[in-house]
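**Student:** Chain by chain, the residues run as shown.
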Amino acid sequence: MILRTSGLRKHYGAGAGYEAVSEAELTLKQGEFVSIVGRSGSGKSTLLAMIGALTKPSEGQVLLEGEDIWSLPEKALADLRCRHMGFIFQFFSLLASLRAVDNVALPALLGRSTTAQDAYLRAQNLLLRVGLEDRMFAYPGEMSGGEQRRVVIARALINKPRLLLADEPTSDLDEDTENDIIVLLEELRREAAFGMIVVTHNLELAKRADRMFEMKDGVLTAADLPEGAFHPVRPERRFGHTKLTVPANIVRSVDGARAVYRLGENFWAAAGRALVFGGLIFALVLFGNYGLARYQRHQVLMRKERLDALAELATSTLKGEIASVVSLGERHYKQRSISKTPAATSRSM
Amino acid sequence: MTRRGTLFLLLRLAAQNVGRRRLRTLFLGLSVTMAVGVGFAAFATGWSLRDGIATSFSRMGADLVVVPVGTLVNITSTLLTVQPTDQEFDASLGEKLWTIPGIAQVAPQRIVRAEVEGRPINLIAFDPAADFTVQPWLPEGRRPILTTQSLIAGERVENKPGAVLDICGRSMVIEARLGKTGVGPFDDSYFLSFPALDALIASRQKISIAAGIPISAKPVAPAQAVDPLAVLATHHHAGSAGPINCLPDLAPGPVSAFLLQLSPAASAGSVKFAVGQIPGLKIVAGNPVFTASRQALGSLFWGIAVFAGLLLLALLFLVTLLFSAIVQERYREIGLLRAMGARPGQIMSIILIEAGLITSLGGLLGLGFGLSLVLAFARSLGLYFASLGVPFAWPPDWAMWLAAVAAMVFATCIGIIGAFIPAWRARQLEPYLMIQTENAR
Chain A
1 MILRTSGLRK HYGAGAGYEA VSEAELTLKQ GEFVSIVGRS GSGKSTLLAM
51 IGALTKPSEG QVLLEGEDIW SLPEKALADL RCRHMGFIFQ FFSLLASLRA
101 VDNVALPALL GRSTTAQDAY LRAQNLLLRV GLEDRMFAYP GEMSGGEQRR
151 VVIARALINK PRLLLADEPT SDLDEDTEND IIVLLEELRR EAAFGMIVVT
201 HNLELAKRAD RMFEMKDGVL TAADLPEGAF HPVRPERRFG HTKLTVPANI
251 VRSVDGARAV YRLGENFWAA AGRALVFGGL IFALVLFGNY GLARYQRHQV
301 LMRKERLDAL AELATSTLKG EIASVVSLGE RHYKQRSISK TPAATSRSM
Chain B
350 MTRRGTLFLL LRLAAQNVGR RRLRTLFLGL SVTMAVGVGF AAFATGWSLR
400 DGIATSFSRM GADLVVVPVG TLVNITSTLL TVQPTDQEFD ASLGEKLWTI
450 PGIAQVAPQR IVRAEVEGRP INLIAFDPAA DFTVQPWLPE GRRPILTTQS
500 LIAGERVENK PGAVLDICGR SMVIEARLGK TGVGPFDDSY FLSFPALDAL
550 IASRQKISIA AGIPISAKPV APAQAVDPLA VLATHHHAGS AGPINCLPDL
600 APGPVSAFLL QLSPAASAGS VKFAVGQIPG LKIVAGNPVF TASRQALGSL
650 FWGIAVFAGL LLLALLFLVT LLFSAIVQER YREIGLLRAM GARPGQIMSI
700 ILIEAGLITS LGGLLGLGFG LSLVLAFARS LGLYFASLGV PFAWPPDWAM
750 WLAAVAAMVF ATCIGIIGAF IPAWRARQLE PYLMIQTENA R
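In order, the protein sequences belong to chains A and B.
Read in order, the letters of the first sequence are residues 1 to 349 in the working numbering.
Read in order, the letters of the second sequence are residues 350 to 790 in the working numbering.
It should be emphasised that the hints constitute simulated quantities derived from the structure, not laboratory data.
Just to be clear, a hint being listed does not mean it is correct.
[As the list claims (entries may be wrong)] Below, simulated DSSO-like cross-link-like pairs (lysine-lysine); rule was C-alpha separation at most 27 Å, straight line:
{"hint": "1", "chain 1": "B", "residue 1": "K445", "chain 2": "B", "residue 2": "K631"}
{"hint": "2", "chain 1": "A", "residue 1": "K216", "chain 2": "A", "residue 2": "K29"}
{"hint": "3", "chain 1": "B", "residue 1": "K529", "chain 2": "A", "residue 2": "K304"}
{"hint": "4", "chain 1": "B", "residue 1": "K509", "chain 2": "A", "residue 2": "K304"}
{"hint": "5", "chain 1": "A", "residue 1": "K216", "chain 2": "A", "residue 2": "K56"}
{"hint": "6", "chain 1": "B", "residue 1": "K621", "chain 2": "B", "residue 2": "K445"}
Small disclaimer: the values here were computed from a predicted structure and weren't measured.
Taking the hints into account, I'd like the entire structure generated from these sequences.
**Tutor:** Next comes the structure, spelled out in structure tokens:
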């Protein structure tokens with residue numbers, strides 16, 4: 001027994017409020033596949049979130065290998081999510097700014113339990129396993145819905161979890177892709193022997209489980225699997241390589257931890273371009289300033305020289321010596337200087 | 350993975366986010382670039398203008414002058430300064446004056462008459478650290494470091510910078526020449542530091558001892574306005590008495606006057622009243638218009654600084670608001686990271702590093718932008734002010750470097766502080782809530 005829930009209850013709002021999940025009891029054995037079906041709003045996603053340590057139950061316990069996970073501090077809870085659980089969500093849950101290989105390697109990198117080299121090697125391995133060896137460096141926006149979902153599955157398994165929690169793993173997918181994903185999950189479960197809880201309203205998927213539960217108005221009840229309901233895997237839709245090793249050419253192209261150094265290179269490149277561009281503009285400003293400053297200095301110098309010349313002229317006029325004074329009539333004389341001011345001036349006295 | 354490796358990963362993840370959201374990064378970075386650039390430019394130009402205008406106002410002299418009773422004070426339209434006087438008082442009075450509220454600066458001066466090569470000269474000793482009336486008249490960017498052998502010449506003094514004068518057996522070098530003040534005693538004088546004057550007094554005492562003349566150590570006949578006939582008489586007398594007349598028999602220490610500058614909000618009347626309580630001194634006020642203008646200008650600069658501070662605070666709020674929206678927009682992504690096993694601290698680190706990266710880069714570019722603005726200012730308004738006689742000089746290198754570092758720290762901090770509250774809120778929320786809704790509160 002790897003998981004057991006006891007009296008799990010989730011209540012929203014004060015007072016009467018809303019009871020999303022009430023008294024849910026569930027057990028899961030190593031390698032077991034349990035499905036939970038129910039209508040939208042029945043509380044199955046909330047139950048899965050409580051089991052996955054994503055939302056705290058109002059009451060009850062979630063025991064993972066005998067330990068109550070909700071008694072753990074937040075850091076330990078984060079580590080538990082990282083090392084023991086894998087999540088597949090019903091929406092496209094890849095980080096848009098990261099490539100497929102980065103998305104898959106990220107939980108291992110965050111977990112701090114492995115080197116970047118190992119994390120990327122395992123990520124490549126898993127992507128190869130889910131048939132995406134040629135899409136490792138694609139961004140989510142460049143991938144189809146089915147490819148994205150396979151990347152999410154690879155990411156959920158990167159830390160070799162004991163428990164895989166899948167919330168509507170085939171929603172928004174076409175029938176063929178849906179089948180591909182179901183087949184892939186089953187194959188992987190058989191290979192890695194992790195326990196799997198799948199929440200779905202897809203009855204076909206639910207019927208493949210070892211045990212099926214039904215959720216109705218927050219109440220979880222066991223449902224009988226119909227006789228002969230199980231659909232065998234269609235052999236023609238098997239995925240990728242069965243041997244979990246990475247071809248040498250891929251190893252060379254990714255080279256393990258080097259991929260982590262490529263994270264953020266967009267920013268550094270953009271920052272470098274911005275700084276170079278800014279530097280060029282600034283150099284132009286400096287150049288312009290230099291030219292303008294020289295021109296202004298020249299103008300100031302010219303002005304100063306002009307003023308000095310005027311001052312000199314005024315001073316020299318004052319210092320001029322009178323060469324002759326000629327009377328031009330009553331109280332009117334003509335004066336002539338011998339230096340600086342050659343022009344004669346006349347004045348009345 | 351080691352702790353350092355994790356930090357490296359978080360930095361890479363943050364950089365990846367920044368690089369993939371280019372438009373957001375661009376606009377946030379540009380807003381920080383503008384703010385840092387304008388702030389940096391405002392500091393540099395504000396400093397230059399304040400310095401320039403302060404220098405211009407300092408050239409108007411002191412707001413108040415405290416002198417011994419009986420001292421003549423020259424109040425002209427341009428400079429309030431002290432006439433040569435034999436009245437002196439103890440330097441410790443300066444400490445009392447410092448304690449009076451409303452006084453921003455106390456600059457002691459001592460005026461003595463000396464003799465060089467038979468010619469009488471006025472020596473004005475001042476404290477370069479406290480001075481605000483002598484050094485502003487130095488040519489722009491030429492503020493010499495005064496040693497005990499340095500002199501600064503007034504504008505009408507014949508000797509040029511570099512000339513060496515022998516005073517009381519000491520070689521004194523003229524380091525610089527002041528601009529024209531239009532105030533006779535000021536333009537005709539030599540200026541030196543107090544230690545330099547003390548060295549001259551000591552030198553003069555040695556000469557007296559060598560000549561067998563007793564030292565009275567009292568101020569004797571310091572400079573009055575230079576009278577040509579008196580000069581001739583002194584010259585003849587000096588010829589018979591030797592170098593002993595190079596300086597009166599002075600004791601080191603006393604000062605002739607304290608020049609006071611009022612703080613922006615101070616009232617000249619109140620300060621005069623407070624100083625007037627000290628016996629044996631006379632207070633002379635300068636042109637009240639200049640004092641009021643300088644005080645108003647000082648208040649204005651503070652007002653502008655406060656205004657700029659409020660603008661930067663507004664930017665901080667804007668960055669907080671922006672990052673609040675950014676973090677809310679990414680609740681699902683953050684919830685997914687938490688579901689993958691990211692610790693709350695790691696989530697906070699990614700958000701804060703992301704903000705810090707954008708705003709630091711914006712700050713770095715902002716410094717270039719700010720410097721460009723300063724250059725544009727220097728080439729336009731700076732030239733205009735210089736043509737009006739208001740000196741425009743860049744702040745000293747240390748101030749520019751300090752401002753640049755402060756601007757970078759501010760840019761980084763504004764991002765980190767701005768993103769802190771949204772990041773803190775994000776770490777408090779349950780992962781499931783964040784995954785379920787991108788508009789969770």
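**Student:** Next step is simple, just say for each hint if it's right about the structure.
**Tutor:** Against the structure, the hints come out as follows:
1. Between K445(B) and K631(B) the CA atoms are separated by roughly 15 Å; this keeps the pair inside 27 Å, and the hint holds.
2. At most 27 Å may separate the alpha-carbon atoms for a hinted pair to count; K216(A) and K29(A) meet this at roughly 24 Å.
3. The hinted pair formed by K529(B) and K304(A) meets the criterion: a straight-line CA distance of about 17 Å does not exceed 27 Å.
4. Restraint check: the Cα-Cα separation between K509(B) and K304(A) comes to about 21 Å, which is no more than 27 Å; the hinted pair holds.
5. With a C-alpha separation of about 21 Å, the suggested pair K216(A) and K56(A) falls inside the 27 Å cut-off, and the hint holds.
6. Restraint check for K621(B) and K445(B): satisfied, since their Cα atoms lie roughly 14 Å apart, inside the 27 Å limit.
Every hint from the earlier list agrees with this structure, and none is contradicted.
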